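Novice: Keeping their order, the protein sequence lines are chains R and P.
Position one of the first sequence corresponds to residue 1 (the working numbering), numbered consecutively onward.
Position one of the second sequence corresponds to residue 1 (the working numbering), numbered consecutively onward.
Derived by calculation from the structure, the hints in this document are not laboratory data.
Quick caveat: nothing in here was measured; it's all calculated off a predicted structure.
Each residue gets a CB set at the ideal place from its N, CA and C atoms; glycine is no exception.
Incorrect hints may appear among the rest.
Between beta-carbon pairs, the in silico distance windows are [as the list claims (entries may be wrong)]:
| # | chain 1 | residue 1 | chain 2 | residue 2 | range |
| --- | --- | --- | --- | --- | --- |
| 1 | R | PRO183 | P | ASP47 | 30 to 36 angstroms |
| 2 | R | ARG228 | P | GLU195 | 36 to 42 angstroms |
| 3 | P | PRO217 | R | ASP72 | 51 to 57 angstroms |
| 4 | P | ILE190 | R | VAL32 | 20 to 26 angstroms |
| 5 | P | MET206 | R | ASP72 | 39 to 45 angstroms |
| 6 | P | ALA203 | R | ASP72 | 35 to 41 angstroms |
| 7 | R | LEU242 | P | ARG276 | 42 to 48 angstroms |
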Amino acid sequence: MTAEIALPAGAPPDGAPLPVACSELRVSFGTVQAVDGISFSIAPGEVFGLLGPNGAGKTTSIRVLTTLIRADSGAVSVFGHDTRGEAMLVRHLIGYLPQQLSADFQLSGYENVWLFARLFDLPRRERKQRAREVLEAMGLDDVRDRLVSTYSGGMVRRLELAQALVNRPALLVLDEPTIGLDPLARGDVWERVQELREETGMTVLLTTHYMEEADTLCERIALMHHGRIRSQGTPAELKARLGQGATLDDVFRHDVGAAIEDEEMTGGGRDVRRTRRTAQRLG
Amino acid sequence: MSAVRAAQPSVSADLRAPGAVMPPWWRLYPSRILTFWLVELRKIRHDRTELYTRAVQPLLWLVIFGETFSRLHVIPTPKGISYLAYLSPGIMAQSALFIAIFFGIQIIWERDSGILTKLMATPTPRLALISGKAFAAGVRSFSQVVVIMVLSVVLQIHFDWNPLHLLGVVAVVVLGAAFFSCLSMTIAGIVLHRERLMGVGQAITMPLFFASNALYPVKVMPGWLQGLSAANPMSYEVDALRGLLLGTPSSLLLDFGVLAVAVVAGVIAAAALLPRLAR
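Bound-form chain P, shown alone (with noise of 0.2 angstroms):
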C-alpha cells in the first residue's frame, strides 16, 4: 500500500492555485444563477404536475371572478380596457407570487434532507447561493406568464405582443418571483420549520395580494391602504406588467427600480439568515 502511495504525487504538489479554480466574483454568480436555473428546469421537466396544477389558479381568477367583475362594472379601468383585460397582468404576479412565496418551503426540506448542508460546503458564497435560489423560483414563475399569455388569447384579451414588452414582462415576473422567494427563505430561515412557514406564508399572501393594485387601481383604497400598496413591491410589478401588456399608463423605470432594489434587500437577508439553517 505504502509503494502505491510513493508512486503519487505528494498531495500538496496536486493542490490547485486559488486562482486557477476559483472565478472572479463577476463569473461566479451568473455561473451559480444559471447552474440553478438549469437544476430546476431539470426538476420541472422531470416532475410536470406542478406546471399543470399551477395552471387551474389563474384560470378560474380570470374565468370566474374576472368574468363576473366585468358584469359589475363597479371598479374603474382606464378608457378602452375591459376589467379582464384590467385583471389578466393582476393575476399573472399573484400566480407568481404564489409560487414564490412557499419557496422557502423546499429550503427547508434540502435542510432537512441534508442536500443543503452539502450545497453550503461547495465553492459557492451564501449571497450566490440565495441569488441562485431565488432566480429558481423566477424560473418557474415564468410558467404562469405562459399560462396567462395563452388564457388570453382564449379569452380575446388584447395584450401587447410586442417581443420587447415580452421581455420586459418575463423580467418583471422574475424579479418579482425572486423578491417574493426571498422573502419566503427569509422567513425559513426564521421560523425554521416547515409547518409554521405554511402558516406565515398564508398570513402574509393575502395582505400582500390585497394590498396592492392587481385587483382594483390604487386610488379607491382607502388612505391608509393606499400607503400599504406603495410600500408593497406587488403593486410594482403590476404596475410595470399593465404598462407593458396594455399600454396603460406606468412609471417603468421606477417598478424595475423598485424590484431591482427589493431583490438586492432580500437576497441579503435571506443570506445572512441562512447559517440558522445551516446548524
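Excised from the complex, chain R in its bound form (with noise of 0.2 angstroms):
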C-alpha cells in the first residue's frame, strides 16, 4: 500500500498547491529551541506521519499550522494558503484534534459538534443534518444526546473526531488521536481514521508514539528530534535503510535513542504533564 502511493515530496501531481507546505519553520519559546528549521510538504491525499519523542517540536509544528501560534521564522501554507496572512481562510480547511481531550463534558456529544458546525459557519439548514451525519459515521448517533462525562475515553476521542469533521475539512491535523487509550479503542480510533479516507480521499497529518501504528497508516513519515527533522521517508525506505527486518522502531532507536535522556531541555516535562492530564480525564 505505502509504495504504491510514494510522492516526490515537494511535486504537486497536477500543479494543484500542496495540502500542506512547510519551508525552513523555526519556533522558538524564550531560549528553548522548540522547532528548528523543518522542512516537509504533503501531498494531496496522503496520510503523513509526523513522529517522535515527547518534546521533538511535533505539537508546535502543528500549532503553526493551525494557526494557533506564529512561527519566528520560515513558513507553512495550507492548500496554497499562508497560515499567517489568511489564518481565518486556513482554519476553515483544516479539521483539528489536540492532543488534550478537548470535548466539553458539560455539554451532550451532539451539542458538542452542534457548537462547531456553528463556529464554521455552517448555513442554518445544513446544521442539524450535518452534525447527525458525522456522529453517526462515528458511531455514536444512539449516545448523542447523552453527557460527554458519561462516554468512555474511546468514545470521547471519536466524538472529537465528529467535531473535527463537521466543516468537511480538506486537511485532517489529528494530534496523538490515540493517547491514553487502551488498545481496542486505539484500534477503533485508526480505523475510523482509515473509512475516513477511503470515503474522502481526504489528506490527513498525525502525530503518534506508537511506531507499530505509524508503519500501518502513514504512506511517509518524518521523524522528529530535538526540533530538527532527523529522517524523511515512506515507512518501507526507513526501514530499507536498516537493512531486512528492520521495524520502524528499529528506525526511531536508531535516529533519536542515543540522545533520548536529556529530554527536559526540549520541554519534554510540559508534554508529559499534558499526557498525564489527558490519561487523568480518561479515568
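Can you join these two chains into the complex? Each is in its own frame, and there are hints to help.
Specialist: Below is the structure:
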C-alpha cells in the first residue's frame, strides 16, 4: 500500500497547491528552540506521520500549521494559503484534533458537534443534518444526547473526530489521536480514520508515539528530534536503510535513541504533563 | 485505494472561496456571541445547581444585612425609599459581579483541558471569542436579576416593573457581567493558573464592591474613596439599576456609556492576552 502511493516530496501532481508546504520553520520559547528549521510537504490525499519522542517539536509544528502560534521564521501554507496572512481561511480548511481531550464534558455529544457546526459557519439548514451525519459516521448516534461526562475515553475521542469533521475539512490534523486509550479503543479510532480517508480522499497529518501504528497507517513519515527532522520517507524506505527485518521501532531507536535522555531541555516535561492530564481525564 | 481517490474530485477543486464561508464581521460577531450564549444556556440546563446556590447569597445579604441596617437608619437614602429597597439594586450588581469575577477560571479550565485550543483553531477571531465568552457570563448573571426581582416581591420592595425599565436592567447587568468577566479573563491571561486567579479574584472583589455605591451613597465616603468609586464601573452599574428600578435620580446615559466603553476595553485587553493561554 505504502510504496504504491509514495510521492516525490514537494511535487504537486497537477499543479494544484499542496495540502501542506512547510519551509525552514523555526519556533522558540524563550531560550528553547522548539522547532529548528524543519521543511516538509504533504501531497494530496496522503497520510503523513510526524513522529518523534516527547518534546521533539511535533505539537509546536502543528500549532503553527493550525494558526495557533506564529513562527519566528519560515512559513507554512495550507493548500497554498499562508497560515499567517490567511489564518481564517486556513482554519476553515482544517479539522483539528488536539493532543488533549478537548470535548466539553458539560455538554451532550450532539451539542459538542453542533457548537463546531456553528463556529464553522455552516448554513443553518445544514447544521443539524451534518452534525447527525458525522455522529453516525463515528458510531455515536445512539448516545448523542448523553452528557460527554458519561462517555468512555474511546467514545470521547470519536466524538472529537466528529467535531473535527463537521466542516468537511480538506486536511485533517490529528495530534496524538490515540494517546491514553486502551488498545481496543485505539484500534477503533484508527479504523475510523482509515474508513474516512478511503471514503473522502482527505489528506491527513498525524503525530503518534506508536511506531507500529505509524507503520500501517502512514504513507510517509518524518522523524523529528530536538526540533529537527532526522529522516523522512516512506516507512519501507526508512526500514530498508537499516537492512532486512528492521521495524520502525528500530529506525526510531537508530535516529533518536542515543540522545533521548536529555529530554527536559526541549520541554519534554510539559509534554508528559499534558499526556498525564489527558490520561487522568480518561479515568 | 488509488482508484477510490481517483473517483474523488481533486481536493483543490473542493476548496471553498474565502468569501463563501466567512461571514462579514458585522454578522460574524453577533453569530459567535449568540453561539456562546446558547452553549452557556445548554450548560445551565444540564446542571442547575449553580443557579440555586447562587440565589442564596443575595437572599442572605437582603434578609440579614438589609433588614438589620434598615433598623439602624444610619445610611441616608433618597426620600421615600427604604434602605432595603435602596440596597437591592446594589446586591443585584454585586451578585452578578461575584459570578463574573471568577469567570476566568472557566477559561483556564478550558485551556488546561484543550477546549480553548480547539476553539481558537476555528474561524473565530480572538476578539469574537472573548466577546462570546463575556456575554456568556452575562447569561449566568441574568439569573441574578430574576432572583432579586422575585425576592423584591417576597420582601415587599416596590420596584418599577415597567417592561422597558426591566429590559434596561437586564442590559445593565449583562454589560456589567461582560466587563467583569473580561477583567477576570485578563487576569487569567496574566497569572495562567487557577489558584492564583482565585487569589487575585478574592483580593479585588471586596474593593470593587465596597468602593462603589452598592451599599451606601457615594457622598458619605471620604474624598479619596469617592475618587475610587468614580473610577469603578460597578458604581455606574448600580446607579443605572437604581434609576431604572427605583426611579432615583441617575445619569443613565453616562452609566451606559461608561459600561459600554469598559466592555470594549475589557474585550480588547483579554483578547490581547489570549495567545499566552494558547501556548
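Novice: The structure should be examined with respect to each hint, and the outcome stated for every one.
Specialist: Status of each hint after checking the structure:
no., hint, verdict
1, PRO183/R with ASP47/P: 30 to 36 angstroms, "holds, 34 angstroms"
2, ARG228/R with GLU195/P: 36 to 42 angstroms, "holds, 37 angstroms"
3, PRO217/P with ASP72/R: 51 to 57 angstroms, "holds, 55 angstroms"
4, ILE190/P with VAL32/R: 20 to 26 angstroms, "holds, 22 angstroms"
5, MET206/P with ASP72/R: 39 to 45 angstroms, "holds, 43 angstroms"
6, ALA203/P with ASP72/R: 35 to 41 angstroms, "holds, 37 angstroms"
7, LEU242/R with ARG276/P: 42 to 48 angstroms, "holds, 43 angstroms"
Going through the hint list in order, the structure satisfies each hint without exception.
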